[in-house]
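Residue numbers (my numbering), protein chains in the order written: chain Z, 105 to 324; chain G, 105 to 324; chain W, 105 to 324; chain S, 105 to 324.
Keep in mind the hints are simulated off the structure, nothing from the lab.
Glycine included, every Cβ here is placed at the ideal spot set by N, Cα and C.
There could be a bad hint or two in this list.
Said to hold, decoys possible - Going by beta-carbon spacing under 8 Å, a handful of chain S positions derived as facing chain W:
{"#": "1", "residue": "118"}
{"#": "2", "residue": "129"}
{"#": "3", "residue": "136"}
{"#": "4", "residue": "138"}
{"#": "5", "residue": "141"}
4 protein chains.
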Amino acid sequence: MRRSYAAEFAGSAFLLATVVGSGIMGERLAGGNTALALLANALATGAGLYALILSLGPISGAHFNPAVSLVMAVRGELPWRALPGYAIAQTFGALLGVWTAHFMFALPLWQLSHKLRPGVSLMAAEFVATIGLLGVILGVSRHRPHAVPDAVAAYIVAAYWFTASTSFANPAVTLARMLTDTFSGIAPASAPGFIAAQLLAALCVAAGLRLSASRCSGRI
Amino acid sequence: MRRSYAAEFAGSAFLLATVVGSGIMGERLAGGNTALALLANALATGAGLYALILSLGPISGAHFNPAVSLVMAVRGELPWRALPGYAIAQTFGALLGVWTAHFMFALPLWQLSHKLRPGVSLMAAEFVATIGLLGVILGVSRHRPHAVPDAVAAYIVAAYWFTASTSFANPAVTLARMLTDTFSGIAPASAPGFIAAQLLAALCVAAGLRLSASRCSGRI
Amino acid sequence: MRRSYAAEFAGSAFLLATVVGSGIMGERLAGGNTALALLANALATGAGLYALILSLGPISGAHFNPAVSLVMAVRGELPWRALPGYAIAQTFGALLGVWTAHFMFALPLWQLSHKLRPGVSLMAAEFVATIGLLGVILGVSRHRPHAVPDAVAAYIVAAYWFTASTSFANPAVTLARMLTDTFSGIAPASAPGFIAAQLLAALCVAAGLRLSASRCSGRI
Amino acid sequence: MRRSYAAEFAGSAFLLATVVGSGIMGERLAGGNTALALLANALATGAGLYALILSLGPISGAHFNPAVSLVMAVRGELPWRALPGYAIAQTFGALLGVWTAHFMFALPLWQLSHKLRPGVSLMAAEFVATIGLLGVILGVSRHRPHAVPDAVAAYIVAAYWFTASTSFANPAVTLARMLTDTFSGIAPASAPGFIAAQLLAALCVAAGLRLSASRCSGRI
Numbered sequence: 105m106r107r108s109y110a111a112e113f114a115g116s117a118f119l120l121a122t123v124v125g126s127g128i129m130g131e132r133l134a135g136g137n138t139a140l141a142l143l144a145n146a147l148a149t150g151a152g153l154y155a156l157i158l159s160l161g162p163i164s165g166a167h168f169n170p171a172v173s174l175v176m177a178v179r180g181e182l183p184w185r186a187l188p189g190y191a192i193a194q195t196f197g198a199l200l201g202v203w204t205a206h207f208m209f210a211l212p213l214w215q216l217s218h219k220l221r222p223g224v225s226l227m228a229a230e231f232v233a234t235i236g237l238l239g240v241i242l243g244v245s246r247h248r249p250h251a252v253p254d255a256v257a258a259y260i261v262a263a264y265w266f267t268a269s270t271s272f273a274n275p276a277v278t279l280a281r282m283l284t285d286t287f288s289g290i291a292p293a294s295a296p297g298f299i300a301a302q303l304l305a306a307l308c309v310a311a312g313l314r315l316s317a318s319r320c321s322g323r324i
Numbered sequence: 105m106r107r108s109y110a111a112e113f114a115g116s117a118f119l120l121a122t123v124v125g126s127g128i129m130g131e132r133l134a135g136g137n138t139a140l141a142l143l144a145n146a147l148a149t150g151a152g153l154y155a156l157i158l159s160l161g162p163i164s165g166a167h168f169n170p171a172v173s174l175v176m177a178v179r180g181e182l183p184w185r186a187l188p189g190y191a192i193a194q195t196f197g198a199l200l201g202v203w204t205a206h207f208m209f210a211l212p213l214w215q216l217s218h219k220l221r222p223g224v225s226l227m228a229a230e231f232v233a234t235i236g237l238l239g240v241i242l243g244v245s246r247h248r249p250h251a252v253p254d255a256v257a258a259y260i261v262a263a264y265w266f267t268a269s270t271s272f273a274n275p276a277v278t279l280a281r282m283l284t285d286t287f288s289g290i291a292p293a294s295a296p297g298f299i300a301a302q303l304l305a306a307l308c309v310a311a312g313l314r315l316s317a318s319r320c321s322g323r324i
Numbered sequence: 105m106r107r108s109y110a111a112e113f114a115g116s117a118f119l120l121a122t123v124v125g126s127g128i129m130g131e132r133l134a135g136g137n138t139a140l141a142l143l144a145n146a147l148a149t150g151a152g153l154y155a156l157i158l159s160l161g162p163i164s165g166a167h168f169n170p171a172v173s174l175v176m177a178v179r180g181e182l183p184w185r186a187l188p189g190y191a192i193a194q195t196f197g198a199l200l201g202v203w204t205a206h207f208m209f210a211l212p213l214w215q216l217s218h219k220l221r222p223g224v225s226l227m228a229a230e231f232v233a234t235i236g237l238l239g240v241i242l243g244v245s246r247h248r249p250h251a252v253p254d255a256v257a258a259y260i261v262a263a264y265w266f267t268a269s270t271s272f273a274n275p276a277v278t279l280a281r282m283l284t285d286t287f288s289g290i291a292p293a294s295a296p297g298f299i300a301a302q303l304l305a306a307l308c309v310a311a312g313l314r315l316s317a318s319r320c321s322g323r324i
Numbered sequence: 105m106r107r108s109y110a111a112e113f114a115g116s117a118f119l120l121a122t123v124v125g126s127g128i129m130g131e132r133l134a135g136g137n138t139a140l141a142l143l144a145n146a147l148a149t150g151a152g153l154y155a156l157i158l159s160l161g162p163i164s165g166a167h168f169n170p171a172v173s174l175v176m177a178v179r180g181e182l183p184w185r186a187l188p189g190y191a192i193a194q195t196f197g198a199l200l201g202v203w204t205a206h207f208m209f210a211l212p213l214w215q216l217s218h219k220l221r222p223g224v225s226l227m228a229a230e231f232v233a234t235i236g237l238l239g240v241i242l243g244v245s246r247h248r249p250h251a252v253p254d255a256v257a258a259y260i261v262a263a264y265w266f267t268a269s270t271s272f273a274n275p276a277v278t279l280a281r282m283l284t285d286t287f288s289g290i291a292p293a294s295a296p297g298f299i300a301a302q303l304l305a306a307l308c309v310a311a312g313l314r315l316s317a318s319r320c321s322g323r324i
């Protein structure tokens with residue numbers, strides 16, 4: 105189990121370094137063209153996530169996301185007692201990743217985002233983004249587990265663009281992105297709404313799984 | 105069969121949320137650079153479609169497209185009596201997807217597109233786009249069924265760019281895109297021509313399949 | 105063999121429609137930003153080629169390129185007597201593809217390119233591009249034949265950017281691109297140099313194959 | 105072993121032609137938009153690397169990188185006596201690749217870069233980039249060796265964007281890029297810091313491998 109925690113920690117650190125670092129690079133080079141910065145940010149995140157899931161999936165499942173770990177616990181693929189450790193490793197890994205990005209780009213390590221992402225529509229976008237992410241993971245892992253890295257990476261590239269919130273879809277990532285006042289940051293005032301929407305989506309998916317499981321056992 | 109309808113409904117909803125949502129995001133951020141908006145739109149659609157076909161393909165075949173369902177019925181891979189249900193689920197799913205995108209981007213839910221896409225050349229483009237899509241699906245599903253998600257997603261990315269109409273290639277999607285006055289919309293006046301070209305392509309492919317099937321049985 | 109010729113014809117037509125069509129679309133939308141037009145052109149060509157090789161590979165080998173067919177004949181994977189038919193089908197398919205693109209974009213069907221691509225460096229680029237393409241096909245088809253579509257598509261995306269000539273690497277494609285006065289065209293005055301470089305590369309690779317084959321048999 | 109050296113030489117040559125050539129093309133066409141030039145550079149490098157690893161992996165392992173060869177020697181997958189030959193082939197191949205790119209773009213063959221890439225943060229970025237690259241190679245090759253080309257290519261695309269140094273992560277490549285005064289060059293004054301960071305990362309990974317190997321054997 106210690107190897108799993110280490111994998112979740114390292115993977116979340118690299119993931120956040122990728123998200124935050126590519127956001128900084130994109131914003132610096134794009135000269136005000138936000139579409140180009142987001143394109144680089146989305147492609148880098150998708151490509152990095154793909155490499156990370158391929159590398160660490162066999163060790164820990166490569167969740168890097170407490171919402172995913174929660175659903176995996178409901179599904180019986182992660183022991184419940186491992187859930188807190190996963191969530192803690194993911195959150196601290198994500199923080200380390202943010203600071204690594206700041207250090208590489210010679211920025212102050214400690215920052216607080218001022219980018220407000222307010223309103224019901226963005227919370228709805230996070231709900232949709234998380235439902236989609238969990239649906240893709242559950243759907244693909246059941247029938248074609250080897251394609252999970254491909255499917256998750258592709259989904260995230262799409263979700264950066266089709267959700268109005270650019271698809272955080274991950275409570276640990278949302279917490280960590282509060283601590284960067286760069287392209288990918290989120291103001292602490294906006295984070296609770298995002299996290300609530302993400303957890304609500306995870307609970308809905310978990311409830312749906314429970315329901316369909318009880319129906320199936322009812323048939324037997 | 106109810107699970108199949110639900111999968112077609114959900115998949116079409118996510119597909120349209122992706123097409124319309126990424127179009128809105130692209131247009132908002134690209135600052136008038138239509139090439140950049142279309143690039144984001146194409147990559148997001150291809151990536152999203154890939155994740156959706158991988159997720160839902162094992163349940164319903166992941167058509168999300170009445171033209172595809174028609175050809176699959178001709179080929180004997182979908183029972184004819186399921187065809188109306190598939191088409192209805194696809195169309196209403198697509199509508200829900202458009203409204204989801206509008207809601208996420210805080211736009212009025214009900215819209216009608218004013219973007220005219222007129223003329224014989226665009227109808228020819230839709231004919232070519234649909235022939236190509238169906239050809240790719242039939243060709244790849246025969247010899248390498250596991251690569252269908254990859255091939256369809258790649259084809260759609262290409263077809264966004266090489267067809268003058270940006271490749272709708274899907275009657276349910278065309279209907280739904282009438283109801284968004286954003287980047288990916290189509291004015292109701294132009295939709296019938298697009299749908300006619302798409303159905304004509306589907307009928308040509310279906311006739312070709314019948315012909316080659318009768319030839320083959322003739323040989324036996 | 106007739107099915108193979110038909111597959112080479114149809115595939116080359118779709119390939120050229122993709123190359124020329126996405127070039128037109130890219131140039132129209134990019135507003136003078138050639139990098140963006142070439143990016144769209146490269147990604148569309150790579151994605152389209154991937155879908156085409158997956159679809160038609162099992163029928164004809166999906167060469168769409170006389171230089172590839174020549175090397176395959178040397179390698180014994182294509183009967184020598186089929187080589188002329190392949191080359192003719194590829195060339196006429198490519199022409200049909202160019203005209204299809206023109207028709208979809210409502211341009212005059214008959215055009216002659218005025219885009220000069222002169223000089224020894226561009227011929228050297230075509231030589232390098234073709235050597236690389238043939239090397240990738242031979243290397244990957246020997247050890248991982250299922251990955252040929254992926255490898256060829258990826259190579260072409262790279263070669264659009266790293267060769268100064270944007271990597272035609274295909275005599276049939278070069279002939280057809282003389283007939284479009286759009287983004288992807290080549291003036292008839294420059295085409296012979298390109299084709300000579302491509303054929304020289306094919307002959308070098310063929311000679312290398314012969315040499316190593318005779319060495320191997322010499323060892324036995 | 106001679107075939108392996110030849111494969112490392114040829115692969116490194118094509119890799120550097122891709123990195124330097126696509127950088128020149130990107131800078132020429134992007135009209136001052138560095139984000140667009142880097143996007144083309146990153147995608148071309150990732151796509152080219154993917155094709156090269158697929159083509160040459162079965163012959164030499166497709167390292168193209170002395171840091172990778174060192175780690176493979178520690179892991180016992182490359183004989184120690186082959187390491188100098190690998191490093192020499194990689195370095196001279198990389199030089200040939202730079203000159204090939206210059207020749208294709210009609211530039212003077214001999215150049216020295218004036219692009220300073222100074223400072224501790226960029227060295228830290230190279231350390232992170234190399235750790236990540238080696239981690240991805242080790243992680244993926246253990247459990248899913250067939251996915252190594254995909255994972256490495258995706259990682260490099262991401263690392264171009266998320267590391268402040270655009271991720272050289274390769275001592276042979278760093279040496280060769282001193283000799284091009286174009287987009288992808290590095291001034292000779294900055295190269296030693298980059299190479300030191302890369303080698304330090306390789307030594308850390310090698311030490312980690314040794315440590316875990318001795319622990320494992322200790323358990324037995």
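Going through the hints against the structure:
1. 118: Cβ of residue 118 of chain S sits 6 Å from chain W, so the hint holds.
2. 129: holds (5 Å)
3. 136: violated (10 Å)
4. 138: Violated. Min distance 11 Å.
5. 141: With a minimum Cβ separation of about 7 Å from chain W (threshold 8 Å), the hint on residue 141 of chain S holds.
Violation of the numbered hints given earlier is confined to hints 3, 4; the remaining hints are satisfied by the structure.
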